[in-house]
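Q: Put chain B on the given structure of chain A with help from the hints.
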Amino acid sequence: MRWLKQVYNWFELRLQLEGPVGDAVLHPVPRNTASWWYVFGSAAFTLLMLQVVTGILLAIVYVPSAANAWNNLQMLNHDLPLGWFLRGMHFWGSNFMVAVVLIHMAQVFLFGAYKFPRELTWIIGVFLLLMTLGMAFTGQVMRFDQDAYWGLGIGASIMSRVPLIGGPLVHLLLGGPIIAGATLSRFFALHVFVIPGILLLCVAVHVWMVLKLGINEWPMPGRPVRRSTYIAEYHKLSHQDGLPFFPGAFWKDLIFSGAVLAAVAVCAAVFGPYGPTGVPDPAIIQTVPKPDFYFLWLYAVLAYLPPSLETPFILTVPLLTIAALVALPFLAGEGEKSWHRRPVAVLLLATIAVSFAVFTHLGTYTPWSPLMDAWSSDTVPEKFLHQLSPLERQGAVVFQAKQCRNCHSLDHVGGERGPALDDVATRLTEDQLIRQVLQGGGNMPAYGKNLSPSETTALVKFLVTLHPPGQKPATNAAGPPTAALSPPAANR
Amino acid sequence: MTDVVKEEQHITKDDPRVVSRRWLLLKLGVLINAAVGVAVAVPVVRYLLGPVKRKGAYNSWVSLGPIDQFPAGETRLATFENPDKEPWDGDTAKVPCWVRRVSGNTFQVFAINCAHLGCPVRWFPQSGLFMCPCHGGVYYADGSRASGPPERGLFEYKYRVDGNELQISAGQLPTLSTEAKNVFRVLNNEKGRGPCAG
Numbered sequence: 001m002r003w004l005k006q007v008y009n010w011f012e013l014r015l016q017l018e019g020p021v022g023d024a025v026l027h028p029v030p031r032n033t034a035s036w037w038y039v040f041g042s043a044a045f046t047l048l049m050l051q052v053v054t055g056i057l058l059a060i061v062y063v064p065s066a067a068n069a070w071n072n073l074q075m076l077n078h079d080l081p082l083g084w085f086l087r088g089m090h091f092w093g094s095n096f097m098v099a100v101v102l103i104h105m106a107q108v109f110l111f112g113a114y115k116f117p118r119e120l121t122w123i124i125g126v127f128l129l130l131m132t133l134g135m136a137f138t139g140q141v142m143r144f145d146q147d148a149y150w151g152l153g154i155g156a157s158i159m160s161r162v163p164l165i166g167g168p169l170v171h172l173l174l175g176g177p178i179i180a181g182a183t184l185s186r187f188f189a190l191h192v193f194v195i196p197g198i199l200l201l202c203v204a205v206h207v208w209m210v211l212k213l214g215i216n217e218w219p220m221p222g223r224p225v226r227r228s229t230y231i232a233e234y235h236k237l238s239h240q241d242g243l244p245f246f247p248g249a250f251w252k253d254l255i256f257s258g259a260v261l262a263a264v265a266v267c268a269a270v271f272g273p274y275g276p277t278g279v280p281d282p283a284i285i286q287t288v289p290k291p292d293f294y295f296l297w298l299y300a301v302l303a304y305l306p307p308s309l310e311t312p313f314i315l316t317v318p319l320l321t322i323a324a325l326v327a328l329p330f331l332a333g334e335g336e337k338s339w340h341r342r343p344v345a346v347l348l349l350a351t352i353a354v355s356f357a358v359f360t361h362l363g364t365y366t367p368w369s370p371l372m373d374a375w376s377s378d379t380v381p382e383k384f385l386h387q388l389s390p391l392e393r394q395g396a397v398v399f400q401a402k403q404c405r406n407c408h409s410l411d412h413v414g415g416e417r418g419p420a421l422d423d424v425a426t427r428l429t430e431d432q433l434i435r436q437v438l439q440g441g442g443n444m445p446a447y448g449k450n451l452s453p454s455e456t457t458a459l460v461k462f463l464v465t466l467h468p469p470g471q472k473p474a475t476n477a478a479g480p481p482t483a484a485l486s487p488p489a490a491n492r
Numbered sequence: 001m002t003d004v005v006k007e008e009q010h011i012t013k014d015d016p017r018v019v020s021r022r023w024l025l026l027k028l029g030v031l032i033n034a035a036v037g038v039a040v041a042v043p044v045v046r047y048l049l050g051p052v053k054r055k056g057a058y059n060s061w062v063s064l065g066p067i068d069q070f071p072a073g074e075t076r077l078a079t080f081e082n083p084d085k086e087p088w089d090g091d092t093a094k095v096p097c098w099v100r101r102v103s104g105n106t107f108q109v110f111a112i113n114c115a116h117l118g119c120p121v122r123w124f125p126q127s128g129l130f131m132c133p134c135h136g137g138v139y140y141a142d143g144s145r146a147s148g149p150p151e152r153g154l155f156e157y158k159y160r161v162d163g164n165e166l167q168i169s170a171g172q173l174p175t176l177s178t179e180a181k182n183v184f185r186v187l188n189n190e191k192g193r194g195p196c197a198g
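Keeping their order, the protein sequence lines are chains A and B.
Here the first sequence stands for residues 1 to 492, numbered as in the numbering used here.
Here the second sequence stands for residues 1 to 198, numbered as in the numbering used here.
Keep in mind that a hint or two might mislead.
To be verified - In silico DMTMM-like links for lysine to aspartate or glutamate, alpha-carbon gap of 20 Å or less:
{"no.": "1", "chain 1": "A", "residue 1": "LYS290", "chain 2": "A", "residue 2": "GLU416"}
{"no.": "2", "chain 1": "A", "residue 1": "LYS212", "chain 2": "A", "residue 2": "GLU119"}
{"no.": "3", "chain 1": "A", "residue 1": "LYS383", "chain 2": "A", "residue 2": "ASP411"}
{"no.": "4", "chain 1": "B", "residue 1": "LYS85", "chain 2": "A", "residue 2": "ASP281"}
{"no.": "5", "chain 1": "A", "residue 1": "LYS449", "chain 2": "B", "residue 2": "GLU74"}
{"no.": "6", "chain 1": "A", "residue 1": "LYS449", "chain 2": "B", "residue 2": "ASP142"}
{"no.": "7", "chain 1": "A", "residue 1": "LYS212", "chain 2": "A", "residue 2": "GLU18"}
{"no.": "8", "chain 1": "B", "residue 1": "LYS53", "chain 2": "B", "residue 2": "GLU86"}
{"no.": "9", "chain 1": "A", "residue 1": "LYS449", "chain 2": "A", "residue 2": "ASP423"}
{"no.": "10", "chain 1": "B", "residue 1": "LYS55", "chain 2": "B", "residue 2": "GLU74"}
{"no.": "11", "chain 1": "B", "residue 1": "LYS94", "chain 2": "A", "residue 2": "GLU18"}
{"no.": "12", "chain 1": "A", "residue 1": "LYS236", "chain 2": "A", "residue 2": "GLU334"}
It should be emphasised that the hints constitute simulated quantities derived from the structure, not laboratory data.
So here's chain A without its partners, still in its complex pose (with noise of 0.2 Å):
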C-alpha cells in the first residue's frame, strides 16, 4: 500500500486538495441537523446529477430533428437495448427532481432557513426552482409529440399576450414563423446546453454557500434571528454542540439519495418511460393536449381565469410571485424561525399546497373542456326514456344529435363544462329552457341558428321531462306561461 500513498501524495503535492476538502466535509454542523428532514436538498443534487447522467446517454442517441425525433424515440423505446430504460429513467428522475425541489424548498421555508445570514442562498435556490421547471417544459419539448407540439403552441400564444414586442417573442421562441424543425432545435439547445450549464453553476454557488454559512440550525421557538448576534451564536451551536458533517450527517443523505434513486429505477422499470404520445403531425386534430404533472395546475388556472384577466394575470403574476420569493429574506430576514410561532407562513404554505394540489387535481380530468365524443358514444342513459312521447323521445335525439351531451352530463356520463341536467326542469320552468336554448348565456352558446323551431320544440319537450320522480317540475310563480312556444321567425 506504500506505492498508493506515495501516488497521492505525487498528486496531492500538485492539487493540494486535502486541505479545501477536508474543511468541506468535515465542518461542524449543530447536532440536530443531522435529521431526516435535511436530506431533499442532497437528494435533489443527486437527481440532477442521475438527470445529467441519463440525459448525455439519451442524447448520443437523440436526433433533436421535427421530421425524425419522433420515430428516433420509438427506435429508443422498442428497438436499442434497455433505450427504454434509460428513457424511463430520465422522465422518472425529473419527475422525481421537480417534486424533491419543492418538497425542499417548503422545508426550508418552513425551517426559516431563508433568514439571514442565508438570504443569497433562497435567491439562488429560487433561481434553481425556475430553471428546474424551464428543464422540465423543455424536456418535455424533446418528446416531439403531440403534447409537446400543442405545448409549444400554448407557449406561443403565452408570449404573444406580451404588449408591443409579443409577435418577436413568438417567433424567437419558435425559431421561426410556425413551430417546426428550427423549434425543436433551439429547445433542444437550451435543454441540452444553455440551462443546464446555467443550472450548474448556480448549483456550485448554492452548495458553496451552504458550506460555508453552514446549515440552517433546527429552528427553536423563542431563538429569534438577529443580525448582530446571529453569527457568533450558531457558531457556538456548531462547535460546542456540534458533530462534523462527514459522517454524522452525511450518512442519512447518503441512504435518502439512495432510497430515491432506487425508487426512480422502480418506477423506470414498472411504468417504463413516457410516451412519446401520438405523432407531431398537426394536421392530426383529434388530440387533447396536456402538459406534464407539475404544469397541470397552470393549465387548469388558464380555464377559469375570466377571459379579461387572463392577458394581466399571465403577464403579472409570474412575475409578482418571482418578486416576493425573492423579496422574502428581505422582508423577514430576521425573527423567529420556528414554525410555532410563525402562522402566517405556516398558513401561507398549507394555502399554496392545497392550491397546487386541488388545481393540479382538476387538471387531471378537467372538467371545463368539453367531451368531444360523448355526443356519438355516451348514449342518453334508459331510465330518462321511459314512457316518453314520441315528441319527447325525439328530443332526446335532437339533444344527442346536438352535442348538448359534449358539455351536458346525464346520469354522470358526458360533459361537466355545463351543469348537469338530470333535474334540469327542476330549476328551470319551459319557458325559461326556451330562451336558454335558443340565447344561450351564462358559458352556454346560443343554439337558435342551428336547432329549427321543431327541433327546440322537441328538445325542451324533453329536458321538462329531467326531474326526479318525486319532485315537480319548475313552474311559473306568476302564473301560467303566456306565450306559447314560437321560436321568432328569424330562426327559419
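A: Just chain B now, with coordinates in the frame of chain A:
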C-alpha cells in the same frame, strides 16, 4: 516568489510613475477587450434575432386547392404546407385550417388554433360550433366567440379565389400578436352576437 510579489506591491504603493503606467496599460487592455466584445456581440445578437422579421414578411399566398371541394354552406378541414419550410420540418410543416364556404365565392378560412392558447379547435356541423379540447373555448360557425375563455373569435386568413382555386395568405402561427388577419375585435359587442338578438 513571495518576495517578488511583496516587492511589486511595494513599488506600486510608493512609486506613482509606475502605478500610472501599469494602470494605463490595464485600462487599455480592458478597452481593447470591450471593443472586441462589442464587435463579437453585435453579430451574435443579429444572428439570434434572425427569426424576427417585419410584419407580414412570412406571409405569402398558398393554394388550398380547387374551390369545388368545398361545398357551399359547409365547413371543411384543409391542410397546406407552410410556405416557409425546411426539409427537417417533417410533418410539422403542415398546417391545417377550417374552410367555410358561405356561398359562391364567399369564403371564411379559419386558423385551426384557438384564440385562447392555440389548441386545435374541432368543427361540429350538427350544432354548428367549433369546440376547443384544451380549455373549452367555443365559437360559432362564422368564427365569432360563443363561450369559454377566448377573448375573441377565431383567427381568419385573408383569402382570394384565383380562377377555380382558393388561396389564402398564410405563413405564421396565428396568435394574438401574430394573427392571420384580424376579424373580431376583443370582446366587442358580444351579447349582440346571439343569433336571436339579430
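Q: A separate judgement is required for each hint: does it hold in the structure or not?
A: Here's how the hints hold up against the structure:
1. A:LYS290 / A:GLU416: Holds: LYS290 (chain A) and GLU416 (chain A) sit about 17 Å apart, inside 20 Å.
2. A:LYS212 / A:GLU119: Holds, because 13 Å separates the two Cα atoms, which is no more than 20 Å.
3. A:LYS383 / A:ASP411: The given pair, whose Cα atoms are some 9 Å apart, holds under the 20 Å limit.
4. B:LYS85 / A:ASP281: Holds: LYS85 (chain B) and ASP281 (chain A) sit about 14 Å apart, inside 20 Å.
5. A:LYS449 / B:GLU74: holds, 14 Å
6. A:LYS449 / B:ASP142: holds, 11 Å
7. A:LYS212 / A:GLU18: holds, 17 Å
8. B:LYS53 / B:GLU86: holds, 17 Å
9. A:LYS449 / A:ASP423: This hinted pair is violated, its Cα atoms lying about 26 Å apart.
10. B:LYS55 / B:GLU74: violated, 32 Å
11. B:LYS94 / A:GLU18: violated, 60 Å
12. A:LYS236 / A:GLU334: holds, 19 Å
Figure legend: structure checked against the earlier numbered hints; hints not met, in rising order: 9, 10, 11.
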